[in-house]
Structure formats: structure tokens, C-alpha cells
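Using the hints, position chain B against chain A.
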Amino acid sequence: MSLVQKKLAASFLLVTALCTAVAVLVPRLQPDLYWGTVLVVSLDLVIGLGGAWLVSWLVVRRLKQLAAAASVISRGDLTRIVAVDGSDETAELARAFSTMLANLLTVLQEVRATAEQVHDSALALSRTSHDVGTATEGIADASRAIARGADAQAEDVARTSALTRELAGSVDRVAASAEAVRDAATAAASRGADGALAARAASDGMVAVARAVDASASAVEGFQERAGEIGKIVAFIASLAEQTHLLAINATIEAARAGDDARGFAVVAEEVRRLADHVRGFAEQISSLSEEIKEGSQSVARGIRDAAHASGEARSTVERAAASFDGILEATRRTTERAQAITDGAGEQRRAARQVDEALERIVRIARENARGTEETSRATGGQTASIQRLAGSAHELARTADTLKGLLSTFKLRE
Amino acid sequence: MDLLTFQLDGTRYALPLDAVAEVLVAPAVRRVPAGPPGVLGLAEACGRIVAVLDLAELLGRSAPPGAPRHLVRFAPPHDRSALAVGQPLGTGTGTPGAGHVVIAGVPHVLLDTAELLKRASGG
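These protein sequence lines are chains A and B, in that order.
So for the first sequence, this note's numbering puts the first residue at 158; every next one is plus one.
So for the second sequence, this note's numbering puts the first residue at 14; every next one is plus one.
Read the hints as simulated data drawn from the structure, not as lab findings.
For each residue, glycine too, the CB sits at the ideal point set by N, CA and C.
Incorrect hints may appear among the rest.
Only some residues are given here: those of chain A computed to face chain B with a beta carbon under 10 Å [what the hints assert, rightly or not]: (1) K389; (2) V391; (3) I410; (4) R431.
Quick list of simulated restraints, FRET-style, between CB atoms [to be verified]: (5) A:S473 <-> B:G23: 49 to 59 Å; (6) A:H435 <-> B:P90: 18 to 28 Å; (7) B:P40 <-> A:A369: 51 to 61 Å; (8) A:E428 <-> B:G48: 36 to 46 Å; (9) B:G23 <-> A:E428: 25 to 35 Å.
If we strip away everything but chain A, and leave its shape as in the complex, we get (with noise of 0.2 Å):
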């Protein structure tokens, strides 16, 4: 039997024993039939009702509390609280309801909570969309001017490949013209050579010129000095005829003032005059000539001296013609020596300019590579970023979908 059975047949026998007690005892109290009937009666019916109304306030109370709190629950407010005593049916019932209650609410609370997280984890992969959306742009944007950029890589390395190539062409003709200068400078040692030696024979010979040049200063001089003793002589010579001219002279005034008989004497002063005046006509050519050959030699000793000046500087201009022909022979032995060193540079400059325009000719092929690469990973990011783009959408479209559930769930009046 349950419980409510139970107080149901408690109640019945609750009231039979007080009308019975009513019916023993009232006609003790009230002897009058009638009116102990009357109070039998009354009492009786006000002892029923009372049972009447016990027993349908024990049976109903709580399903009138259920139904206000479900009343309450269907409005949405989740936060009414289900009081629950005692043990009946009803109780079960309340029991039962007000933990079903509790595990909507539960469920509610964690359905919001999970709704919030879905909100709030579908903006973050919203925005995060939109950040790794627009990294991927910078990204496509980044491969994109990386391309560009390996192009123009690509397109200033072969550049310098053909820069190199030319310059390798300058090295080769660089070396073809250090090997002409080094055979031009070997030559050019050899007639050297041959120019120092003979400029040391010219030196030699010069020497020698020299040397007869002095000893014809040296006998043009003793000639000047006895052309000068011949002046001399003459000059006493002519002085000798000029005293005998006067002499003559004043013979014949003499022989004049002595008259007739001195007539002899004086025709012999004139002849000594005549002869005086011849010896110092004869004076005067010699002393003329004699001038003659003193400036004549004077001019051979100047032609001479100016010849032994000359045939000196000649040897010092062939010395120092010598002494450059030297310094030809050892400029040109390091021009030789320099001009190989610049072929075996120029050989290895290259070796060396092949080298690099292999080396370029791999790096333009990379950098095509890394181009094509690059426009690849360019479209390969376009692609992403429209994926990233569809995320997004979808990310968004799942945080309207929290919003939604969230709304629903406002409906709810949950306890905090």
C-alpha cells in the first residue's frame, strides 16, 4: 500500500472513530433524540468534511506546488526552487520534478556555457580567419613580389653573366696584348742591346776624337803663341823702318840745308827712305798677315775648343745614350717580366671569369626556379586564402549560430 493510501485510510478511519465517538457520546450529553440526533448529524458532517478537506489537502498541496513551479518552469524561469518533505507519492512526484529541474538547469547552464565558448571560439576563429586570411594575403602579396623580385634576380644575374663574358673577352684581349708588349719589350731589350753597345764604341770613339782635339788645341795654341812672337818682331820691324824713315828724312833736310856738295848725301837718304818706307810697307803686310793668322788661329783655337766642347758634350750625350739604353735593357726586362705576369694573370682572370659565368649560369637557373617556385607557392597561397576566406564565412556563420543558441537559451531564467 502506498503512502498516500495509507493516510487516505488513516483519515477514513480518523473519521469513522471521531463520528463514532460523536455518536456514543453525544446522546450522553444531549439526552433529547432529536436534538442529539441533530448534533449527531451536524457533527458528523462537520467531522466528514473536515476529513474530506485533510485528506484533499494532503493529496493536492504539493500537485498544486508542482503545478505552480511547472507553471513557473514553462515561462523559462529555471530558477524556482521545488520544496520537498515528505515521503508520499506527491512527494516522489515533487522530488522527482524538482530534480528533474535541476538537471535542465544543469543542462541548460552547460548548454549556454558551451553555446558561449562556441560564440566566443567562433569569433576568435573568425578573427583569427581574417588575421591568417590577411598574413596569407601578405603572404601571396610577399611571393608574389618574391617572384618579381627572383625575375628581376634571374634577368640582372644574366646581365651580369654577359658582363662577365665580356670581361672575359677583355681578358683575353688584354692577354693578347700583354704577350705583344712582352715580344715588342723583348725585341725592343735586343736592340737595346745592341744600341748600348754601340753607343759605348761612339763613347770610345768619342774619347779618341777627344784626345786629338786637345792635341790639336795644344799645337793650335804653341801656333798662336809663335804668331804672336812674329807680331812682335814685325812690330819692332816696322818700328825699326819708321825711326829709318825719319832718319832718312832729316838726312835730306840736312843734306838740303848743306847746299850742293851734301846733293849726293841726300839722294842716298831718300833711296834709305824709300828703302825704309818698303821695309815698312813690307812691316805692315806681314804684320797684316800675321794678324790674319793670329785671328785665323785664334778662330781654329775657338772652332777648336768650341770642337773639343762639343765632342765633349757629344760623349756625355753618348753616355748618358748608353746609360739609357741601360735603363732601356732593365725597363724592358721588367716590361718582359711585367707583361708575362699580366698573360699569367690575364689566364687566370680567365679561368676565373669562367668559373663565375658557370657559377652565374647556375644561379639564373635557381633563381628561374625559385621564381617559378615562388609563383607556385603565390597560387598555393591564393588558393589558401580563398580557404582561409570560406573558414571565415564559416566561422562566422557558426558564431551566428552561438548568437542563436545563446538568444534561445536567454529565454531561460537560469540561476547564476
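Chain B only, in chain A's frame:
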């Protein structure tokens, strides 16, 4: 007429031989301050001091450059005077003309000793 001939500055002159004492190489001539224009100075000749006459100045011609080379000392009574000449040429015989004489076909300027001395003394 016997004459002594000499040359001065390209001109031939002639002096009468009886007016000439001697011809000598010109010694050093010392000039006399404020002397007559026709007198070069004083010189020593054969132990005597003689007055040296400047022929170019006396004839009004330009004097040749340099010192005189020879002197012609006059015969007495003018033996205290001498005439500065260039190169004595010799002696000769010629017929005097109007201020000139031709000796061996060559014309010479004939000099008058008295006239020269007169000019030298300012007369």
C-alpha cells in the same frame, strides 16, 4: 823748291824744307791752361821745350782723333815751335802755286810757316 810732305787726316801737305829743322816721333804733349786755341801744348824735343801747334785748328778743320804721332820742328828763328802732323811722307821738289804745290803729279796744300805762327799767336 824742296819740300817736306806729310799727311794729316787724309790730306797731303807740304812745307818748305828750309823752314824745317827735323821730324821726330811726337813726345808727350802737356796742355797749357787757357792757352791759345791753335796751340796743343808744350813738349820736350831734343832737350828743348817747344810749343806744339795744332795744324787742323789753325786751318779751321776738324782735328783728327788721338794724340799727334809726329812733330815737325821749325828751323831757326822759329825753332821753339813745332807742328803736329800725321804721317811724314818724305821730301820732294815742286813749283809753288796759289796755296798749293804739285809734287810728282800729286797736289799738296802748301803751308806758310810765318802765317801759321801768326795764326797761333792770335794775329
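Hint by hint, which ones does the structure fall short of?
-> Numbers 1, 2 and 6 - these are the hints that the structure violates, sorted from lowest upward.
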